[in-house]
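Participant: Could you put together the complete structure from these sequences and hints?
Protein chains: 2
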Amino acid sequence: MSIGGHSLFECVPNFSEGRRPEILDALRKAAEVPEVAILGMEGDPDHNRAVMTLVGPAEPLSEAVFRAMRIAVESIDLNQHRGTHPRIGAADVIPFVPWRNATMDEAVGLAHALGRRVGDELGLPVFFYGYAALSPARINLFEVRRGEFEGLAMRMSREAPDFGPTAPHPTAGAAAIGARNVLIAFNVYLHTQNLTVARRVARAVRGTSGGLVGVKALAMDTKSRGWVQVSMNLIDYRTTSLPQALEMVRREAARYGVAVAETEVVGLMPYVALEDAVRYYLQMPGFERRRVLETAMGDADHHSNGHAGGWDDGI
Amino acid sequence: MSIGGHSLFECVPNFSEGRRPEILDALRKAAEVPEVAILGMEGDPDHNRAVMTLVGPAEPLSEAVFRAMRIAVESIDLNQHRGTHPRIGAADVIPFVPWRNATMDEAVGLAHALGRRVGDELGLPVFFYGYAALSPARINLFEVRRGEFEGLAMRMSREAPDFGPTAPHPTAGAAAIGARNVLIAFNVYLHTQNLTVARRVARAVRGTSGGLVGVKALAMDTKSRGWVQVSMNLIDYRTTSLPQALEMVRREAARYGVAVAETEVVGLMPYVALEDAVRYYLQMPGFERRRVLETAMGDADHHSNGHAGGWDDGI
Chain X
1 MSIGGHSLFE
11 CVPNFSEGRR
21 PEILDALRKA
31 AEVPEVAILG
41 MEGDPDHNRA
51 VMTLVGPAEP
61 LSEAVFRAMR
71 IAVESIDLNQ
81 HRGTHPRIGA
91 ADVIPFVPWR
101 NATMDEAVGL
111 AHALGRRVGD
121 ELGLPVFFYG
131 YAALSPARIN
141 LFEVRRGEFE
151 GLAMRMSREA
161 PDFGPTAPHP
171 TAGAAAIGAR
181 NVLIAFNVYL
191 HTQNLTVARR
201 VARAVRGTSG
211 GLVGVKALAM
221 DTKSRGWVQV
231 SMNLIDYRTT
241 SLPQALEMVR
251 REAARYGVAV
261 AETEVVGLMP
271 YVALEDAVRY
281 YLQMPGFERR
291 RVLETAMGDA
301 DHHSNGHAGG
311 WDDGI
Chain A
1 MSIGGHSLFE
11 CVPNFSEGRR
21 PEILDALRKA
31 AEVPEVAILG
41 MEGDPDHNRA
51 VMTLVGPAEP
61 LSEAVFRAMR
71 IAVESIDLNQ
81 HRGTHPRIGA
91 ADVIPFVPWR
101 NATMDEAVGL
111 AHALGRRVGD
121 ELGLPVFFYG
131 YAALSPARIN
141 LFEVRRGEFE
151 GLAMRMSREA
161 PDFGPTAPHP
171 TAGAAAIGAR
181 NVLIAFNVYL
191 HTQNLTVARR
201 VARAVRGTSG
211 GLVGVKALAM
221 DTKSRGWVQV
231 SMNLIDYRTT
241 SLPQALEMVR
251 REAARYGVAV
261 AETEVVGLMP
271 YVALEDAVRY
281 YLQMPGFERR
291 RVLETAMGDA
301 DHHSNGHAGG
311 WDDGI
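Residue numbers (the numbering used here), protein chains in the order written: chain X, 1 to 315; chain A, 1 to 315.
I should point out that these hints are in silico values taken from the structure, not numbers from a laboratory. Heads up, the beta-carbon is just placed ideally off N, CA and C, and yes, glycines get one too. A portion of the hints provided could be inaccurate.
[Said to hold, decoys possible] Derived Cβ-Cβ restraints for the label pairs, each shown as a range: (1) X:Asp-236 - A:Arg-28: 55 to 61 Å; (2) A:Arg-100 - X:Pro-170: 58 to 64 Å; (3) X:Glu-294 - A:Glu-59: 19 to 25 Å; (4) A:Glu-42 - X:Asp-105: 42 to 48 Å; (5) X:His-191 - A:Gly-257: 18 to 24 Å; (6) X:Ser-135 - A:His-191: 51 to 57 Å; (7) A:Glu-32 - X:Pro-60: 42 to 48 Å; (8) X:Pro-60 - A:Glu-247: 28 to 34 Å.
Facilitator: Given below as structure tokens:
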């Protein structure tokens with residue numbers, strides 16, 4: 001059946017497991033629900049974290065995410081978990097993103113409904129963040145995750161979650177469930193093992209400490225690669241583009257004589273990021289999507305099939 | 001009707017007119033033939049040249065190209081034509097490119113058949129070039145175009161064309177008709193009006209004078225932009241990529257203290273050029289097409305519509 005008709009949402013759950021393939025398999029299998037497309041599933045052993053990209057209509061998508069969260073709660077013990085990425089729970093961060101024909105309000109509604117179900121049925125304390133936050137202090141995920149799993153009991157003795165039990169789940173911690181716009185999760189590896197360099201670069205680049213407005217950045221000790229990493233979220237990549245973020249990282253790292261080794265995107269990147277790379281680095285301001293041969297061919301096919309929206313009338 | 005089924009060819013005719021919009025319109029209208037998609041049509045006033053991109057099955061495509069060539073012969077007088085781009089005729093260069101389900105031999109067959117018709121019906125001398133060349137000396141378009149329109153009568157007094165009259169058409173000159181692989185026509189503007197710099201850069205970059213194997217390059221005096229231009233054909237862009245060509249131009253221009261102002265692609269660029277830009281400049285060796293959100297969504301739609309070839313089995 002086509003997923004092209006109704007309102008669609010993206011959900012990008014982050015689970016605190018990036019090493020045991022059998023758990024990654026189980027998480028993925030759990031999310032196999034009719035009408036939901038699993039667009040990606042990647043585990044990172046250094047972060048010890050997996051990111052799944054799901055797209056679907058509201059109800060089946062929420063069901064898929066819930067099932068995967070249940071597997072995470074059953075199979076991941078945060079008391080044993082070590083990794084470089086900050087986390088508060090087994091099903092750590094669950095963002096809903098409005099997609100085709102969907103609004104942010106609807107995404108917030110999905111986040112709240114899932115939060116209530118997760119609190120009731122999985123016994124997980126839930127913090128709502130981003131557009132789904134119920135208080136200003138919880139808008140920023142960074143604040144919600146402060147102290148991580150290890151500091152959660154102490155923290156929850158002073159402040160209640162938004163839903164669910166008032167103490168952490170003994171093995172699965174808590175979950176941050178939210179709504180946000182599409183972002184690009186962009187990691188830059190620096191050609192050094194010196195984490196201090198990555199920390200300084202991250203501080204210079206991130207908006208909250210004087211860097212680029214649309215950029216969040218953390219330093220990560222990614223030992224398995226032999227390099228350290230600046231892990232970024234580009235939360236407004238149409239304004240602060242991926243090339244701009246990369247070039248600022250490059251310049252700041254060069255202060256310490258360190259070069260960029262390579263980069264990666266976690267999950268998916270929007271097409272506009274490719275366009276930004278072409279316009280910026282190829283210095284090609286006139287680039288347009290229809291100048292790509294395959295795109296022009298696809299438009300021609302569509303047009304000649306009687307669909308609306310072809311850009312060319314000469315067929 | 002869909003153009004997705006049968007063998008498809010691309011044809012990228014170059015006409016010696018880039019200034020009079022009514023002629024560009026007439027050329028385009030002439031190419032409006034059922035089953036043929038006009039993917040692009042661009043005139044350049046400095047080059048005084050237009051490039052049309054057509055895709056379709058063999059017969060209708062040849063018909064569309066023939067009709068546009070007839071308009072060019074009727075409406076363009078090379079005796080009056082001034083422009084920076086070398087040319088021998090009104091319908092100057094007509095390359096066929098094998099596309100979906102098509103072979104180079106078939107493209108050569110199309111070139112030869114069109115050449116015969118053009119010679120007979122339009123009275124144009126025809127030189128076959130590229131894979132369609134009948135002698136090694138005419139493989140390279142540069143050789144075919146040597147002396148340009150102004151030197152054509154003298155040249156044809158010594159050597160016969162491959163088909164058609166043995167003297168130039170009085171106003172429309174001759175046509176080079178050929179077959180080739182997909183290429184990228186890539187122009188780099190240098191931030192100077194000094195044509196000598198563009199000539200030196202073009203010489204350093206082009207393969208025939210010691211530069212990059214897969215690159216042809218000419219210097220162009222593109223006055224309307226206030227810059228000079230290095231106009232390149234990347235004839236094997238999978239081996240010698242667009243970023244590599246641009247960076248060599250940049251380095252050679254920097255020898256003279258000149259920077260790259262901007263770039264453009266003439267006609268269409270294959271998707272792989274976008275991937276090359278991402279992998280090269282973003283230093284993202286792991287980039288894959290399915291990591292683009294819209295592509296992944298499209299695949300999911302296809303898959304869920306029951307088409308083969310979706311990469312994800314989790315729907």
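Participant: Honestly, do Glu-32 (chain A) and Pro-60 (chain X) meet the 42 to 48 Å range at C-beta?
Facilitator: 45 Å, holds
Participant: Looking only at beta-carbon atoms, does the pair His-191 (chain X), Gly-257 (chain A) fall within the given range of 18 to 24 Å?
Facilitator: Violated - the Cβ-Cβ distance for His-191 (chain X) and Gly-257 (chain A), about 30 Å, lies outside 18 to 24 Å.
Participant: Starting from the hint 28 to 34 Å, judge whether the C-beta atoms of Pro-60 (chain X) and Glu-247 (chain A) obey it.
Facilitator: 48 Å, violated
Participant: Verify the CB-CB distance for Glu-294 (chain X) and Glu-59 (chain A) against the hinted window 19 to 25 Å.
Facilitator: 24 Å, holds
Participant: Between Asp-236 (chain X) and Arg-28 (chain A), does the beta-carbon spacing fit 55 to 61 Å?
Facilitator: Since the Cβ atoms of Asp-236 (chain X) and Arg-28 (chain A) sit about 40 Å apart, the hinted range of 55 to 61 Å is violated.
Participant: The hint says 42 to 48 Å between Glu-42 (chain A) and Asp-105 (chain X); measuring C-beta to C-beta, is that right?
Facilitator: 44 Å, holds
Participant: Does the Cβ pair Arg-100 (chain A), Pro-170 (chain X) satisfy 58 to 64 Å?
Facilitator: 59 Å, holds
Participant: Can you let me know if the beta-carbon spacing of Ser-135 (chain X) and His-191 (chain A) is within 51 to 57 Å?
Facilitator: Once the Cβ atoms are compared, 53 Å apart, the range 51 to 57 Å for His-191 (chain A) and Ser-135 (chain X) holds.
Violation of the numbered hints given earlier is confined to hints 1, 5 and 8; the remaining hints are satisfied by the structure.
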